[in-house]
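Here the structure of chain A is known, so what remains is to put chain B in place on it, guided by the hints.
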Amino acid sequence: MMGEEFVPLSLTPLLIGICAAVACALPGNFLLLRRQALIGDAISHVVLPGIVVAFLFTGLIAAWPMMLGAAAAALVAVVLIELIRRLGRIEPGAAMGVVFTTMFAGGVLLLEQTDTSSVHLDVEHALYGNLESLIWLDAVGWQSLLDVDALRHLPPELPRMAFTLVGVLLFIGVFWRPLMISTFDESFARTLGVRTTMLGLALVVVSAIAAVAAFDAVGSIIVIAMFICPPAAARMMTNRLEGQVLWSVAFAIVSAIFGYVLAGYGPLWVGAADAVSAAGMIATVSGVLLAIAAVFGPCRHRAGSPAGV
Amino acid sequence: MTVVLARENGISPEQEADAARIANAPLTIRGLTVSYGDKPAVFSVDMTVEAGKMTAIVGPNGAGKSTMLKAALGIVPALSGRVNVFGAALETQRGRIAYVPQRASVDWDFPTRVIDVVMMGLYRELGLLKRITGAHRAAARTCLERVGMADFATRQIGQLSGGQQQRVFLARALAQGADLYVLDEPFAGVDAATEKAIISVLKQLREEGKTVVVVHHDLATVADYFDNVFLINTRKIAEGPVQTAFTAETLQAAYGGRLATAQVDQLGAAAALHTSQVGAT
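As they're listed, the protein sequences go chains A and B. Numbering-wise, the first sequence is residues 69 to 377 according to our numbering. Numbering-wise, the second sequence is residues 3 to 283 according to our numbering.
Hints in this document: simulated from the structure, not taken from any laboratory. Treat the hints with care, since some could be wrong.
Simulated crosslink set (SDA-like; lysine to any residue; CA at most 20 Å straight-line) [said to hold, decoys possible]: (1) Lys132(B) to Arg263(A); (2) Lys55(B) to Asp229(B); (3) Lys132(B) to Ile240(A); (4) Lys41(B) to Gly64(B); (5) Lys132(B) to Phe239(A); (6) Lys41(B) to Ile240(A); (7) Lys132(B) to Val242(A); (8) Lys132(B) to Trp244(A); (9) Lys198(B) to Asp153(B); (10) Lys55(B) to Asp181(B); (11) Lys132(B) to Gly261(A).
Computed spacing ranges between beta-carbons, pair by pair [as the list claims (entries may be wrong)]: (12) Ser14(B) to Gly241(A): 56 to 62 Å; (13) Gly156(A) to Thr144(B): 32 to 38 Å; (14) Ala21(B) to Ile158(A): 27 to 33 Å; (15) Tyr38(B) to Met266(A): 43 to 49 Å; (16) Val166(A) to Tyr38(B): 22 to 28 Å; (17) Pro224(A) to Gly97(B): 20 to 26 Å.
Fair warning: this is a prediction, and the values are worked out from it, not measured in the lab. The C-beta atom is built at its ideal place from N, Cα and C for all residues, glycine as well.
Isolated chain A, as found in the complex (with noise of 0.2 Å):
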């Protein structure tokens, strides 16, 4: 895997990979202690129906109308689930799940409905990407790193993911303390004067820009994976904030690697004639890393649990 083909056709795919996955795992660490990790997953679904309307306006599947689309889909979908928690005085988490199922359904809906054949978009496009198909084929080697001419061609999810991973890294690292203080003593917090309200939906609103930026290039799946998988497994190797952030992203990144290459690889070395869907198989794999650190994480266990076990 190391050789010429390397840079054309598996270098970009892996570094949207790990881009997406480390984007989508840094705030997964905050929700997942503020138990709205589904949130990640409602985004993800929540998208599909604005991703379809904004290609029934526009008739292209260009990354403005897209974002676009999703991110007015998300909005209502915020709203939608508001109203239902009020109205139908029903807790968060239920309404949440109506919301984006509903959603999600409903752009299932619309997407058979519509002649999308033209175009790579459907069902499974819109749950596990297209990761495999985000060559580089401008690029002959390594060298091509420093070709600006190559570099000019690089699929467009690549920078946009990049550049979504550094605003993720700048919020988280900008609003460490509040973000922290804040998810472990709200009530706290607020008596400091930090904005908890304003926080927790900066909080959200980048998470929602992570998963699109990650749905439109990787699908929903890794996107799901990748907000609860990697900073589940990092809370049982560390019982600090610090640490389980750091060991998220080491998870998030080990998975888009390994992921990746089994997906590529693994089917031909059990003798199985293709390559599986690498989303599918990152995911998988984070999933994995969930169950092995379950069992071996240093700090698995809970302060509920009995002592000595």
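Using the frame of chain A, we list chain B on its own:
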């Protein structure tokens, strides 16, 4: 000049000094109403916390003790009411208030260590990006020593007992270096040693001239621990020094039939009851 004017208005200098003291009190609450759903949890409550004193907020379960304080500190929204802290708007005085929430209100599985929790008390000093220095860590350690938890600095908070967790919360409040300390049920479910440690730290704070407000549920210790008492049952029932505000009548008014007279006697309020009867005859 002001004094002369005041005299002309028939207001004595003592009354004026009194008014100034109330105006600059650590915490004044006027007409505070808070509601969850349709039912008011706190209705039109006035409270004036006296500087340099320890005040207990007492009342039956669901009487709005915690809710009143949370609304006063801007943690939950109030329907109406005015709150002043040291004579100024709450937002301008954030740095002078240290709040200790109920222990059960946070998830103790949170991945953080004892010392990190205490460092949270330095947030107003550190802000978003200021570097943590050795001086900050030393300050946090001193606060842990004051509550007798220095040996637990690097423990994960979930590994502590309830009493130890409560002490860590108190250490975090100490780290804030505030002038007004507001504690919500700090003695709930803690061991006797912790209760003693906490009350001794609170008394030290009082000696340093700080003001302490505590939501308290154990009627038996009110007279022992506190200077002032504030009785509440959705509405304000009584407010003032323990001797005058913590009497059989006020307790009966706050607790209604839930507190038999026999119990009131046991609560050390017997003396107060006696005095008030003498006063009535």
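Self-check item: Hint check against the structure, violated hint numbers in rising order
Solution: 6, 13, 14, 15, 17
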